[in-house]
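K.L.:
These are the residues of each chain, in order.
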Amino acid sequence: MYQILSKKTLAPAIHQYEIAAPKVAKKAKAGQFIILRVDETGERIPLTIADFDREKGTITIVFAEVGYSTKKLAKLNAGDAVADFVGPLGVASHVDKFGTVVMVAGGVGVAPIYPIAREMKKMGNHVVGIMGARNKDLIFWEDRMKEVTDELLVTTDDGSYVRKGFVTDVLREYIEKEGKPDLVMAIGPLPMMKAVADLTRGYEIKTMVSLNSIMVDGTGMCGACRVTVGGETRFVCVHGPEFDGHLVDFNEQLMRSRQYKTEEQHALNRGGCGCGGGGKCHG
Amino acid sequence: MASKIIPKKHPMPQQDPKVRAKNFDEVALGYDEETAVAEAGRCLNCKKPMCKEGCPVGVDIPEFIALVKERKFDEAARVIKRTNALPAVCGRVCPQENQCEKNCIVGKKHEPVAIGRLERFVGDYIVDKDEQPEVAEPTGYKVAVVGSGPAGLACAADLARLGHSVTIFEALHTPGGVLMYGIPEFRLPKRIVQKEIQNLKKMGVQIETNTIIGQIHSLDELFEEEGFDAAFLGTGAGTPYFMNIPGENLNGVYSANEFLTRSNLMKAYSFPEYDTPTKVGKRVAVLGGGNVAMDAARTALRFGAEEVYIVYRRSRAELPARLEEVEHAEEEGVKFLFLTNPVRYIGNEEGWLTALECIKMELGEPDASGRRKPVPVPGSEFALPVDVAVVAIGQGPNPLLTQNTPDLETNKRGNIVADEFGKTSKPGVFAGGDVVTGAATVIKAMGAGRLAAKSIHEYLMAKGPKKEQG
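Protein chains in written order, with the UniProt record's numbering: chain A, 1 to 283; chain S, 1 to 470.
Rather than coming from a laboratory, the hints here were simulated on the basis of the structure. The model shown is predicted, which means the values in this text are computed figures rather than measured ones. Careful, some of the hints might be misleading.
[Unchecked claim] Pairwise CB distance ranges, derived in the manner of DEER restraints:
| id | chain 1 | residue 1 | chain 2 | residue 2 | range |
| --- | --- | --- | --- | --- | --- |
| 1 | S | E330 | A | N135 | 55 to 61 Å |
| 2 | S | I5 | A | E40 | 47 to 53 Å |
| 3 | A | G79 | S | V19 | 45 to 51 Å |
| 4 | A | G57 | S | E381 | 56 to 62 Å |
| 5 | S | G464 | A | E147 | 54 to 60 Å |
| 6 | S | D74 | A | E40 | 31 to 37 Å |
| 7 | S | D130 | A | D39 | 24 to 30 Å |
| 8 | S | S380 | A | N251 | 54 to 60 Å |
| 9 | A | G202 | S | D25 | 57 to 63 Å |
| 10 | A | R163 | S | E350 | 31 to 37 Å |
| 11 | S | V417 | A | D244 | 28 to 34 Å |
| 12 | A | E147 | S | D25 | 53 to 59 Å |
| 13 | A | N251 | S | V377 | 31 to 37 Å |
| 14 | A | K71 | S | E330 | 52 to 58 Å |
[Claimed, not checked] Calculated from the model, a selection of chain S residues having no Cβ within reach of chain A, i.e. all distances over 12 Å:
| id | residue |
| --- | --- |
| 15 | D25 |
| 16 | N98 |
| 17 | R191 |
| 18 | G238 |
[As the list claims (entries may be wrong)] Calculated Cβ distances over 10 Å to all of chain A for the following chain S residues:
| id | residue |
| --- | --- |
| 19 | G107 |
| 20 | E131 |
| 21 | P133 |
| 22 | P138 |
| 23 | L363 |
| 24 | A462 |
Every residue, glycine too, gets a C-beta built ideally from N, C-alpha and C.
Given only the sequences and the hints, what does the whole structure look like? Please build it.
P.N.:
This is the structure:
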């Protein structure tokens, strides 16, 4: 069992857990992910690492309650434990001295992008952060992002905080004003990453994206996480999660991400608590 | 003279095909004591047992069968366990017809002795008994076993018996490897697998799940930081092959690994009691003709599919699956499309599979494998309407450990290179099972695990007694 040392609710239905997993923490690198299972009957949930503390032996994860399993995870509190926690999985971000790097985060994507931005800054890059959310309430980790960026530009879809517009609007304005950065990295919902990649393709700016596809084992065994990159099938779990955004077939990814919509609804309809009357919810 | 031999094996009691096609309970129900004793009576107890030579782990077959005949089931179990740590597993999934039973002298004239069924009987007899296995005095040596599938379990059992301290590292949350994620519940109940693994733990074997060697510890770190003296790599053939034909990433196209893992390891058949869903599919095509294909097809039936097809490019005679599995699949209602090869997947606008386009094949000249090579019949394309397709055309080695261990020699397919004793290019590192040979059988992997255990033991003993570290 892997204990949750602290829990913070960052925004409505977005939570941050610090989980004791010393061995994973010792090896974790920015850009990698973990898989956890809440309990014996749980799904294996892949989550990108939001932070790690080698000395404390902890991994920080941030997740939004989007489906049955993340809602189940959200019911846990500090002191509770998850049954399984495995990692670090996937290939770490390629961090180098590129020059100017723009890190674009959409929604919960700010969490996984934070440790990568930190590494990029450590390497001596000029790091520009762009973070966006639907509205003010959904903005979090602005302070953290400030610490690891040289410039931080914030936007909200509805204009309820700082400015109105999508992250792509901010990115376009930045490029028009400051010129082409050496690298753009985008993490967030698939449509947002697709929009960023479409924008930067026109400017011919190398763009990396981090995919969070459906997975079962996360170790290259099931192939559920297939993605077409430059015409070739790759597995997100062992070849990714980061890929060249200009080569990813986003339309295919969007369709693949909806595979279990019906089953998800079925699971959610089991009742408010999610335990389906099994009495497993303690509440 | 012995009385006249009963010409046929005692039949295996089974669930009725119509009933079992709708449930995940075990198909074969096992011999009762009377049947086992009677079947054991068919054994001639040959002086030079050929059956034993056909067994990859060298079980003392006539010896255990003689004990069954005398109703000394506990002793029979001890005899098997000397060489086979997982009798209840092997009795179910070994291809006995190509191994021990193929060599059986009774089988020259009649049906061979049902060695597999007797092994299963003994394995089941002992599986729930709380017996403390005998192990040698501790040697002080520590061995890491990477992977808890058949190769790793067999290797760990032998090493523990010899007194070494063994830790098995498993990437998934449950030990057992393919016995847990691959082979379906109706052919190998997971309770049996876990019981056999419990018995290994009683021998002092430690199992660390959720631990991916290559990610969490490199192989070198196992030696330098974790204090291991030798390592066995039994990481298996876990990477699914795809056909690489158009439309393969449509929704509804599964690898057999994914389809079976969802069902077996994640218990999707108990959805929503268990949280992992799987697409059921009304019409399912399974691509391939091996045991994995049969498992996938029969699983699809049990999920409630109305039509399940095996699509295989050669003819019935070339099916690589065990005859018993093919027969079981047919009895349950799986339909076989022989000499048929998939060409592309056809999908709808939402990205869902709607049909599998196939082409008819005919058999030409023998190819490199000695089998007649299937060649397409021009103009014979047709669309098979399906909503789920399961690709079961084989698996390659898992790359996670090897890609992080550059000094471990692999061949061009990615298999770890090991000699006949299981020795790899890295000192103190041994390997065996599917990661070396490519996808094969449970028992062959166990044989390789045992062989490596012997090599590891010799390697450690050559070092002399373990020196205490300061």
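K.L.:
Confirm or reject each hint.
P.N.:
Do the hints match the structure? See the list:
1. Between E330/S and N135/A the Cβ separation comes to about 59 Å, which falls inside the hinted range of 55 to 61 Å.
2. For I5/S and E40/A, the Cβ-Cβ distance of about 50 Å falls inside the hinted range of 47 to 53 Å, so the restraint holds.
3. Distance hint for G79/A and V19/S: a CB-CB separation of about 47 Å, consistent with the stated range 45 to 51 Å.
4. A hinted range of 56 to 62 Å holds for the C-beta pair G57/A and E381/S, which are about 59 Å apart.
5. Distance hint check: the CB atoms of G464/S and E147/A are about 56 Å apart, consistent with the given range 54 to 60 Å.
6. A hinted range of 31 to 37 Å holds for the C-beta pair D74/S and E40/A, which are about 33 Å apart.
7. For D130/S and D39/A, the hinted distance range of 24 to 30 Å is satisfied, since their beta carbons lie about 28 Å from each other.
8. At about 32 Å, the beta-carbon gap between S380/S and N251/A misses the expected band of 54 to 60 Å.
9. Evaluation of the 57 to 63 Å hint for G202/A and D25/S yields a pass: the beta carbon distance comes to about 59 Å.
10. Between R163/A and E350/S the CB atoms are about 35 Å apart, so this pair conforms to the stated range of 31 to 37 Å.
11. For the pair V417/S and D244/A, the supplied restraint of 28 to 34 Å holds, since their beta-carbon distance comes to about 33 Å.
12. For E147/A and D25/S, the Cβ-Cβ distance of about 58 Å falls inside the hinted range of 53 to 59 Å, so the restraint holds.
13. Roughly 35 Å separates the CB atoms of N251/A and V377/S, a value that falls within the hinted 31 to 37 Å.
14. The hint said 52 to 58 Å for the Cβ distance between K71/A and E330/S, and at roughly 44 Å that hint is violated.
15. With a least CB separation of 20 Å from chain A, D25/S remains clear of the 12 Å interface cut-off, as annotated.
16. With a least beta-carbon separation of about 27 Å from chain A, N98/S lies farther than 12 Å from that chain, consistent with its non-interface assignment.
17. Chain A leaves R191/S outside its interface by the beta-carbon criterion, the shortest separation being 14 Å against a cut-off of 12 Å.
18. At roughly 4 Å from the closest C-beta of chain A, the C-beta of G238/S falls inside 12 Å, breaking its exclusion from the interface.
19. Residue-level check passed: G107/S sits 38 Å from the nearest beta carbon of chain A, beyond 10 Å.
20. For E131/S, the shortest C-beta to C-beta distance to chain A comes to about 27 Å, beyond the 10 Å cut-off, and the non-interface label holds.
21. No Cβ of chain A comes within 10 Å of the Cβ of P133/S; the nearest lies about 28 Å off, and the non-interface call holds.
22. Under the 10 Å C-beta cut-off, the non-interface status given to P138/S relative to chain A holds; the minimum distance is some 26 Å.
23. In this structure L363/S is separated from chain A by more than 10 Å, as the shortest Cβ-Cβ distance comes to about 30 Å.
24. Distance check for A462/S against chain A: the nearest CB is about 32 Å away, which clears 10 Å, and the non-interface claim stands.
Of the numbered hints stated above, those contradicted by the structure are hints 8, 14 and 18, listed in ascending order.
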